[in-house]
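Visitor: So you can see what is in the structure, the chains are spelled out below.
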Amino acid sequence: MSPEPGPPGEEAGAVEQAGDVLELPAASRATDIALDELELVYAFIYARVGNRPDAEDLTQQVAMKAIPRLRQGAPASAIRGYLFATARSVLGAFWSTRLGLSEAELHEDLAMAVPPGPPSVESEERARRILAALSDNYRRVLELRFLHGYSLKEVASEMHSTVGAIKVMQLRALRAAAKVPPDEPGARRAQ
Amino acid sequence: MMPEKPENRVDRIVSDLLRGRRLKLRGGDAEEKEAITVAARLAAASQGPQRMSSTFRSRLAAALESPPNEGWFTRRAALVAGLGVAAGAVSGGLIGKALQPAPHAQLAGGGLINPEPGRWVDVGALSDFVAGQSKRVAAGAVGAFLFRHGDTMTAVSSICSHLPCELWWNADGGSLDCPCHPASFQPDGTPTKQAYGLPALNQVNVRVTTAGRVEVLGT
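Chains as they are written, first to last, in the working numbering: chain A, 1 to 191; chain S, 1001 to 1219.
Don't read these hints as lab results, they were simulated from the structure.
Model, not experiment: these values are computed from the prediction.
Heads up, the beta-carbon is just placed ideally off N, CA and C, and yes, glycines get one too.
Hints should not be assumed to be uniformly reliable.
Claimed, not checked - Just so you have them, the derived chain S footprint on chain A, three or more residues with Cβ under 8 Å:
{"no.": "1", "segment": "89 to 99"}
{"no.": "2", "segment": "133 to 140"}
What the hints assert, rightly or not - Think about it this way: if two alpha-carbon atoms lie no more than 27 Å apart in a straight line, the pair counts; the simulated BS3-like pairs of lysine-lysine are:
{"no.": "3", "chain 1": "A", "residue 1": "Lys179", "chain 2": "S", "residue 2": "Lys1033"}
{"no.": "4", "chain 1": "A", "residue 1": "Lys153", "chain 2": "S", "residue 2": "Lys1193"}
{"no.": "5", "chain 1": "S", "residue 1": "Lys1005", "chain 2": "S", "residue 2": "Lys1033"}
{"no.": "6", "chain 1": "S", "residue 1": "Lys1024", "chain 2": "A", "residue 2": "Lys65"}
{"no.": "7", "chain 1": "S", "residue 1": "Lys1135", "chain 2": "S", "residue 2": "Lys1193"}
{"no.": "8", "chain 1": "A", "residue 1": "Lys153", "chain 2": "S", "residue 2": "Lys1033"}
{"no.": "9", "chain 1": "S", "residue 1": "Lys1024", "chain 2": "S", "residue 2": "Lys1005"}
{"no.": "10", "chain 1": "A", "residue 1": "Lys179", "chain 2": "S", "residue 2": "Lys1024"}
{"no.": "11", "chain 1": "S", "residue 1": "Lys1193", "chain 2": "A", "residue 2": "Lys65"}
{"no.": "12", "chain 1": "A", "residue 1": "Lys153", "chain 2": "S", "residue 2": "Lys1024"}
{"no.": "13", "chain 1": "A", "residue 1": "Lys179", "chain 2": "S", "residue 2": "Lys1005"}
What the hints assert, rightly or not - DEER-style ranges, computed between Cβ atoms:
{"no.": "14", "chain 1": "A", "residue 1": "Glu158", "chain 2": "S", "residue 2": "Asp1172", "range": "48 to 58 Å"}
{"no.": "15", "chain 1": "A", "residue 1": "Ser161", "chain 2": "S", "residue 2": "Arg1051", "range": "29 to 39 Å"}
{"no.": "16", "chain 1": "S", "residue 1": "Gly1173", "chain 2": "A", "residue 2": "Lys65", "range": "22 to 32 Å"}
{"no.": "17", "chain 1": "S", "residue 1": "Pro1003", "chain 2": "A", "residue 2": "Glu125", "range": "35 to 45 Å"}
{"no.": "18", "chain 1": "A", "residue 1": "Asn137", "chain 2": "S", "residue 2": "Val1130", "range": "57 to 67 Å"}
{"no.": "19", "chain 1": "S", "residue 1": "Leu1126", "chain 2": "A", "residue 2": "Leu147", "range": "47 to 57 Å"}
Isolated chain A, as found in the complex:
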């Protein structure tokens, strides 16, 4: 049987040593390490829910679900993968609860692998790709609304239209954006 962990106070000051057993670093450092990993998870989740309150709630859920499981030990290469797998599961539950859908219907979000780069870059690149695949009017309405933060009235004025028409165009543009394939930069224009 492996040695039991000592009381938390005894962890301070421990250092990493060569060998197959990880010596416990200072508590504050261990927490910093955890937070750095969860920072990536937070960005990953934020990129999918688009708002801070939900991103914070879901990140906390990931921490709660993943940390106790990690105590069982896991290969180093699987740690981050495990956190992101947990994040995908939490996101799936979030969408299915909020929209009343089965997780199978949300396969696109759930099937994503661990992002190869910083999630924010991945997110912005994908948004750019989506907008580039849309027709001019659809792209314009989403750019004005999301990138420039225009109100519907301002968009209507800019595009010489009415608020009602812009509202419908926004819906159609989002529907078209949802049809842009996720991994095809040269996707055809969605009408």
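Could you slot chain S onto chain A? The hints should help.
Guide: Quick look at chain S alone, frame taken from chain A:
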């Protein structure tokens, strides 16, 4: 009642997203699930790189570190055993090994939260607090439930000692209940009788000034 038009439904959600608000979805919104999920992605992308706020990071850190024991394994040790391995991998260094469960013992908990640097935060007048009831307050990154006993106050952490969930005050039962699992605590922070042992809640510094103001030691 007329059903909400899809364009109005989606614009309501888009407007909330653009204001940084939580996604408030209703049953019928599923019909526009593709539009809603892509709107959330565009809203996120438009806001640029996102990092945890310092407040949330502090709250998460406090939650990860607060209870010294979890019955069979410490959360801190879990962090080190799990995520410390990730750090080792990043640095090309060490490979960790799972630590074994600690025996059921030392579930006292109830340590005092002493933030450094800390500051006394005014959370209201003594008269705002009612004996027999509890009120949750935030003193920077420290969340606490306060209880009045005549002219004095006591306070315990608002974070469960088992999982880092925010407790809620169950006025009917006179206990602090955890929304994440069946656990509850008495106003003094000791766990109520339940199937498995839990540490007590951490205590929070609270005082009543001569002017009758209640202050909590927070961040």
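Visitor: Going through the earlier hints one by one, which of them does the structure break, listed in rising order?
Guide: Result: hints 2, 4 break, sorted rising.
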